[in-house]
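Engineer: Listed here are the chains, written in short residue letters.
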Amino acid sequence: MNRVAVTGLGVVAPNGINIPSFTQAIRSGTSGLHYLQDLKDHAMGCCVAGVPLEFDAGVLRKYLSPGVFNSLRSSNIQYALAAATEAWEDARLPVGGTDSLPDTGCIFGNSVCDVDHMRYAIDLFEKLEVQRLGVRHIEQLMSSGASAYIGGLLGLGNQVSANSSACSTGTEAVILAAERIRSGQATRMVAGSCEASSRYIWAVFDAMRVLNRNHNDQPQAASRPLSADSAGFIPGSGAGALVLEEWEHALARGATIYAEIAGGFVNSGGQRAGGTMTAPSSVAVTRCIGSALELAGVRAGEIDLVCGHLTGTFADKTEIANWCAALGRSGEDFPAINTLKSLTGHCISAAGSIESVAAILQLHHGFIQPNRNCETIHPEITGMISAGSIIREPVDREIHTVVKANFGFGDVNSCIIFKKYKP
Amino acid sequence: MTREEILEELKSMMREYMREEDRPLLDTMTEKTQFVTDLNMDSIDLVDIVIKAENRYGIEIKNETIGKLNTVGACLDVIEQRLKEKESAGSAT
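Read top to bottom, the protein sequences are chains A and B.
Everything in the first sequence is counted per this note's numbering, starting at 2 for the first residue and increasing by one.
Everything in the second sequence is counted per this note's numbering, starting at 6 for the first residue and increasing by one.
Everything labelled a hint here was simulated from the structure, so no lab data went into it.
Treat the hints loosely; a few may be bogus.
Calculated lysine to any residue pairs in the SDA-like style (CA-CA distance at most 20 Å, straight line) [said to hold, decoys possible]:
| no. | chain 1 | residue 1 | chain 2 | residue 2 |
| --- | --- | --- | --- | --- |
| 1 | B | Lys67 | A | Asp218 |
| 2 | B | Lys73 | A | Ser283 |
| 3 | B | Lys57 | A | Ala44 |
| 4 | B | Lys37 | B | Leu81 |
| 5 | B | Lys73 | A | Asp218 |
| 6 | B | Lys73 | A | Ala208 |
| 7 | B | Lys57 | A | Ala208 |
| 8 | A | Lys41 | B | Glu65 |
| 9 | A | Lys318 | B | Gly72 |
Just chain A, same shape as in the assembly:
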């Protein structure tokens, strides 16, 4: 089995639209949440979202032909291309070569296409103007739109696919891509996921009563994972991208190794034993974390940092109980834990990849990103783990092993373990 190195990182996140700005934001605990009047005007209960407002699709102009650039409307694909090209160039690989790369592929997931773009097409259809639509829409509206655009831009000749598993998508993409290298079927993979900034998607979560409606006047305080008064999550958007590379190949070309992917596991609770379409089965979550540790050959006692799913709903306390059970650690023995969502909101299908990028940056640079907005930790959570485990101020700390998990609708789970590279 091949070892897998992470040799490139890219991101478009609500609180940072490239790796330098994102690193600074997570290190300092800077929020990317905004009040959006448009949501208020459409009778949403939650009017806050994590949107990469500073992102300018113009950064893609240099990579794309004018025809492609001018017709690119889907924000999920814009974010994906920006993150993937940043990761690719970060790995010191050239964009836009003339030959395809048979040893390099891409797994880049999303949950749904950009529904705002879909509506544009539907509106023209309803106005009997479908003949005016033009040719470059299905390639953006197909589920594999992002991976197809990335594959074409970078000339990828190995597997080029999109995965989709709701909020588990991003972490699952990284695990699937790593497996491709581990099994020897590819030397290099671009892995990641993206989520469009689509109010139509946020609206259906609002209707489910799972978004926080209590902090529209304090947007940066609206995402409150682990807090005693958390009342739902804040939706977000963006993309995260990683270049994964077979270990010896990465060493041979002198690539920067940000981390090793020690192992990962993906499973489902089958919507049994407490698992439903929308709630994860604790049995399956615990099994997923345990299997990831086993495959990575990592003991629970070695974990320095847990990067949780932790969205800011009443499910946070169940998640903490599951981590305690899976790691066999609780109270003072529980490792440090954080969640990026307090700064970005929940970037849905992009969450896992953006959070994986964040986890690796913490590992590489030796710091722990603070959890914002949990001034008062939920008492049931402090009943299980020490308050000291919940990092609330920026901390510079050498960490060696990070476990990260995400859970998605459909009772699906993914868990990955990153280790620091020691030359």
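With chain A held as given, fit chain B onto it using these hints.
Structural biologist: For chain B alone, coordinates are given in the frame of chain A:
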């Protein structure tokens, strides 16, 4: 409305979300009965029932409260409370 009347209406709302084989459980349920563990209901369907109750009674139940409505009695308590608040707000104006 009396608590008993609200309970009867709640039962008929719940019935629509329950499997046929589970519906007889409604005849023996008490205020301590839990929606998910005792009646085999999906927690997300409970949110739908809360939305129906909000529309039926013209009340609002906060998101963070919904997550705590595990039992029939807790659900009745919050509906009754919101109806009382609505009544006193109405009589004040």
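Engineer: Evaluate each hint against the coordinates.
Structural biologist: Hints versus structure:
no., hint, in the structure
1, Lys67/B <-> Asp218/A, "holds (17 Å)"
2, Lys73/B <-> Ser283/A, "holds (19 Å)"
3, Lys57/B <-> Ala44/A, "holds (18 Å)"
4, Lys37/B <-> Leu81/B, "holds (11 Å)"
5, Lys73/B <-> Asp218/A, "violated (25 Å)"
6, Lys73/B <-> Ala208/A, "holds (18 Å)"
7, Lys57/B <-> Ala208/A, "holds (12 Å)"
8, Lys41/A <-> Glu65/B, "holds (18 Å)"
9, Lys318/A <-> Gly72/B, "holds (12 Å)"
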